[in-house]
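Engineer: In case you want the letters, here they are:
Protein chains: 2
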Amino acid sequence: MSGKKPKAVVLLSGGLDSATVLAIAREQGFETYALSVAYGQRHIAELAAAGRVALRLHAVEHRVMEVNLAAVGGSALTDSSIAVPESAALQIADGIPITYVPARNTLFLALALGWAEVLDARDLFIGVNAVDYSGYPDCRPEFIRAFEALAGLATKAGIEGVGFKIHAPLIHASKAEIIQRGSALGVDFAETVSCYQADASGKACGRCDSCHLRRNGFETAGLPDLTRYR
Amino acid sequence: MSGKKPKAVVLLSGGLDSATVLAIAREQGFETYALSVAYGQRHIAELAAAGRVALRLHAVEHRVMEVNLAAVGGSALTDSSIAVPESAALQIADGIPITYVPARNTLFLALALGWAEVLDARDLFIGVNAVDYSGYPDCRPEFIRAFEALAGLATKAGIEGVGFKIHAPLIHASKAEIIQRGSALGVDFAETVSCYQADASGKACGRCDSCHLRRNGFETAGLPDLTRYR
Chain A
1 MSGKKPKAVV LLSGGLDSAT VLAIAREQGF ETYALSVAYG QRHIAELAAA
51 GRVALRLHAV EHRVMEVNLA AVGGSALTDS SIAVPESAAL QIADGIPITY
101 VPARNTLFLA LALGWAEVLD ARDLFIGVNA VDYSGYPDCR PEFIRAFEAL
151 AGLATKAGIE GVGFKIHAPL IHASKAEIIQ RGSALGVDFA ETVSCYQADA
201 SGKACGRCDS CHLRRNGFET AGLPDLTRYR
Chain B
1 MSGKKPKAVV LLSGGLDSAT VLAIAREQGF ETYALSVAYG QRHIAELAAA
51 GRVALRLHAV EHRVMEVNLA AVGGSALTDS SIAVPESAAL QIADGIPITY
101 VPARNTLFLA LALGWAEVLD ARDLFIGVNA VDYSGYPDCR PEFIRAFEAL
151 AGLATKAGIE GVGFKIHAPL IHASKAEIIQ RGSALGVDFA ETVSCYQADA
201 SGKACGRCDS CHLRRNGFET AGLPDLTRYR
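First to last, the sequence lines map onto chains A and B.
With this note's numbering, letter number 124 in the first sequence gets 124, and the count goes up by one each step, no holes.
With this note's numbering, letter number 79 in the second sequence gets 79, and the count goes up by one each step, no holes.
Hints are computed from structural coordinates only; laboratory data are not their basis.
For glycine and all other residues, C-beta sits at the position ideal for the given N, C-alpha and C.
Each statement offered as a hint is correct.
Chain A residues, not near chain B, derived (Cβ > 12 Å throughout):
(1) G29
(2) A45
(3) A48
(4) R52
(5) P169
(6) L213
(7) E219
(8) P224
Below, simulated EDC-like cross-link-like pairs (lysine to aspartate or glutamate); rule was C-alpha separation at most 20 Å, straight line:
(9) A:K165 to B:E142
(10) A:K165 to A:D120
(11) B:K156 to A:E142
(12) B:K165 to A:E142
Bound-form chain A, shown alone:
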């Protein structure tokens, strides 16, 4: 057995969850390749945050891929004609949040899969969470399992009979548990950006759904909220 570490592609948005996932992948002994997607989102400050996080957590490489999801439309996060709601209650109370981006995780995992094939990696990590984002269809465990099945068939590795593993280590964790785990693994949450309408420097609005979830998470975890608010 060689001492060489296995490679993993880690989807890294620059938010709190995916930063924790990157730290977990590293802790599990993977050589990490961080992938961020510039998808026409309003919160472009997240991409800069992703770069800081990748560097801090010793990713071998941080790659940004561009996809213009604004051309798909239908989400407050990519369509400038739809306002991002400020009230968490209004947003999550009934069914699918307006910040849901159609087919986003399918697309992100497809990009990660393509890169994994080129790298000869068999492990993909994604920070989906079925607790805080219960309204998002593509954050559910059954979605992850279906993509894993697809990945084996979609690729050269699949033809050769080698499967892929899609790791979603936070899928059943609360925001407070994610924060506690990330803290223990050395994530600097001040470097991450969660706000749906962060300004160019990454400062958060403190009012949107994502800001509410994050602030409550720090409170419940009993840790100081180092988020930079404007």
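Position chain B against the provided structure of chain A, taking the given hints into account.
Structural biologist: Frame of chain A, contents of chain B only:
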């Protein structure tokens, strides 16, 4: 029952196969929305061809989405450091062709799925073919079925219990059969571009694998090859 036609998203590359698929979707009574992906491919002339085909076959809309797959690398079609081989024999003889783009159809279907969700369409069409492209893992029937399963789980429609249908009407057809079917449905193949290294005006090299397959198809079909060669 209203007389309104159901909507379908049709992946349209500008090549011969997807043009035929667009004609088939229309014949089956769908209102068609044609989707082309600009993925950093060398054969950008295909996109112009796609626009002509969409117009001729009365698509309601033709949308081009951009994804920079060159950032993934690993294919002669997107990586300028890998040469496109001219001999079909060399290319397809052993395993996966070098023109295979990692996870391409997964990515294209993810984009089509996102648009379908916004349009409230439940039908996607793709021109994959398991005969001529037997080396491509993501052209196999089991891949299509796996994506169909994923689509139902990945989307709002899936949560509401409404599934998607991925139509791959050419999956078992030979190139000659595709040409005969497309001709009968009014596809003007002179408008399509199949060549992996077509010039800016869409003229074909006549030597690459894709050109060989296409020329043999017209011969077997007993129809004139109207391809514009340079």
